[in-house]
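With the sequences and hints as input, model every part of the structure.
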Amino acid sequence: MRKFEATPAFVPERADWQLLPFRFHRLGPRVLLTNMVGEHLFVSRDEFSEIADGVLPADSPLVRRLRAKQVIKQPGDKAPLDLLAMKTRTRYRRLAESTGLHIFVVSLRCEHSCPYCQVSRQSSDRVTYDMSPETARRALAIAFRTPSPNLKIEFQGGEPLLNFGLIEEIVWEAERINDLRGKSLAFVIATNLAFIDDYMLAFCAEHDIYISTSLDGPADLHNHNRPRPGGDSWERATAGIQLVRETLGEHRVSALMTTTIASLDRVEEIVDCYVDQGLNEIFLRPLSPYGFAVKTKAFSRYDAGRWLDFYEAGLNYILELNRRGVDLIERYSAIILKKMLTNEDPRYVDLTSPAGIGIGALVYNYDGDVYASDEGRMLAEMGDKTFRVGNVHQDSYGEIMLSEALLEPLEQSFALSAPMCTDCAFESYCGADPVYHYATTGDFVGRKPLSEFCRRNMAIFKLLLDRYETDSDARAIFLEWAAR
Amino acid sequence: VSAHELWFDGSNYSADAIQRAAYKLSDKVACDVTTKEDGHRCVLEITEPAAEGDGALIAEFRNEVLDETLRARIREETQEFRNLILALAFSETGLVEDTEP
Numbered sequence: 076m077r078k079f080e081a082t083p084a085f086v087p088e089r090a091d092w093q094l095l096p097f098r099f100h101r102l103g104p105r106v107l108l109t110n111m112v113g114e115h116l117f118v119s120r121d122e123f124s125e126i127a128d129g130v131l132p133a134d135s136p137l138v139r140r141l142r143a144k145q146v147i148k149q150p151g152d153k154a155p156l157d158l159l160a161m162k163t164r165t166r167y168r169r170l171a172e173s174t175g176l177h178i179f180v181v182s183l184r185c186e187h188s189c190p191y192c193q194v195s196r197q198s199s200d201r202v203t204y205d206m207s208p209e210t211a212r213r214a215l216a217i218a219f220r221t222p223s224p225n226l227k228i229e230f231q232g233g234e235p236l237l238n239f240g241l242i243e244e245i246v247w248e249a250e251r252i253n254d255l256r257g258k259s260l261a262f263v264i265a266t267n268l269a270f271i272d273d274y275m276l277a278f279c280a281e282h283d284i285y286i287s288t289s290l291d292g293p294a295d296l297h298n299h300n301r302p303r304p305g306g307d308s309w310e311r312a313t314a315g316i317q318l319v320r321e322t323l324g325e326h327r328v329s330a331l332m333t334t335t336i337a338s339l340d341r342v343e344e345i346v347d348c349y350v351d352q353g354l355n356e357i358f359l360r361p362l363s364p365y366g367f368a369v370k371t372k373a374f375s376r377y378d379a380g381r382w383l384d385f386y387e388a389g390l391n392y393i394l395e396l397n398r399r400g401v402d403l404i405e406r407y408s409a410i411i412l413k414k415m416l417t418n419e420d421p422r423y424v425d426l427t428s429p430a431g432i433g434i435g436a437l438v439y440n441y442d443g444d445v446y447a448s449d450e451g452r453m454l455a456e457m458g459d460k461t462f463r464v465g466n467v468h469q470d471s472y473g474e475i476m477l478s479e480a481l482l483e484p485l486e487q488s489f490a491l492s493a494p495m496c497t498d499c500a501f502e503s504y505c506g507a508d509p510v511y512h513y514a515t516t517g518d519f520v521g522r523k524p525l526s527e528f529c530r531r532n533m534a535i536f537k538l539l540l541d542r543y544e545t546d547s548d549a550r551a552i553f554l555e556w557a558a559r
Numbered sequence: 009v010s011a012h013e014l015w016f017d018g019s020n021y022s023a024d025a026i027q028r029a030a031y032k033l034s035d036k037v038a039c040d041v042t043t044k045e046d047g048h049r050c051v052l053e054i055t056e057p058a059a060e061g062d063g064a065l066i067a068e069f070r071n072e073v074l075d076e077t078l079r080a081r082i083r084e085e086t087q088e089f090r091n092l093i094l095a096l097a098f099s100e101t102g103l104v105e106d107t108e109p
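Residue numbers (the working numbering), protein chains in the order written: chain A, 76 to 559; chain B, 9 to 109.
Just so you know, these hints were derived from the structure itself, not from any lab.
Each statement offered as a hint is correct.
Partial chain A-side listing against chain B, Cβ under 8 Å, derived:
(1) LEU94
(2) LEU95
(3) PRO96
(4) PHE97
(5) MET111
(6) ALA127
(7) LEU156
(8) ASP157
(9) LEU159
(10) ALA160
(11) THR163
(12) ARG164
(13) ASP498
(14) ARG522
(15) PRO524
(16) LEU525
Computed far set for chain A versus chain B, every beta-carbon distance over 12 Å:
(17) PRO132
(18) VAL202
(19) TYR274
(20) LYS460
Every residue gets a Cβ at the ideal spot worked out from N, C-alpha and C, and that includes glycine.
Quick look at the structure:
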């Protein structure tokens, strides 16, 4: 029995073509085209003119490339519409599965006094700054109301290990509830590791808890950025990382770094520090415009341009290390590359549209207030509760998810209806981030030509695409990062 | 602040395309558009002068208006396919449920 039609069945009915929805961006002598789901190709300016004017010959080799990327279709082609629909559905699948990440701020207390910190308090006042068991129970009930089949509970602070007893209670209670619910349940503790001990590690091992920590680079830089009594933050963090790796497993710990002005000229040393610690990923992060980073003016000490130089030098160095066989990924690039090169959504809250607030994450503060994102909570600590979407003692899950404080910024910031974003060739890779724009401009959308968020991300998108197109080693590495 | 007056023929350019271009370059120029019977008068104020001079910014603005005009044409030409694809995409998600009678 013949399985396929004969060759003539695959010849287009007529030798012409029609445009499908696509966006473009001129980059020097080339023009970037992205289809409805962000798949890209570059054409020359002359080729683009032929496409735009509808005069590209049907037998041009470019027609095949454009059809493969669903930028054009030929009359009779039915698959492109189905394919684009399927890919669109895959990209937006997260909307039907909200909310996967639930952040419990179990204590605001912390013994560090980092000038860029968003929220923590140096206080021994457990009553005022620790989450109560009752608040935790109510927050858990809301978390389990969300339709997501995957539930990640992340413990944050302050320093969450200062209220470890409550972490234990939440983990036990979540596992008890989940025996009936059957969700895929995961736990993360975001900690500076200064207080980690054998008891805590044994508990983490027993309950498969992942550890996320902070590591800003070499000892002098880290200890300068993250002061604590004794000035030994780096020594404690790195000892903790090794302890976690030995006890919980090689890849059960990851670290985040924050770029201060003191970091800008030291990216290779920072990367080397991660490699020395046996970590296989690094996240090159700029400062955020919230909390003490604004009060202490740390945020305004460098602009997007200086941070981009830092990021590019770091990326180049990481690529060089990969060429030498070192297994190290830059996490922010990997998130974007997954969006560029696959149809999977990495569900990174800052780079989604509709925005990730509420849909991607909910934050239960120590006092029971619920925020649409961690940055929304940080803003609240500065006195602005715009992103407070409810309180676990007063509001139901439905009231929280349908609150104006959540729906208004979601609707206003939706990139497909935001000025400039709607026509942007990079829109599929980017995000709405209403909290950032509210914090910096006072409205949820912001003016994109003046937005550092826009400037920073556009530059990264261009950089990654340029490396992907012009450097075969980088292309292979990027494909591997995107697949993780 | 230097200002330049530009004229865009109404049969080739829409006020929307000019406004979109003005928004996109609003970190460098401020633009005032007045629509007349046969076209659009546009006063361009240079707020962030370019090293290459005002001429480069004016050329960039004109090219951006052209690109915005092209984007409008692509949007219009592909609107039907876009709607069809989105309808297909969300028809099987369960996100849009039938309302009860």
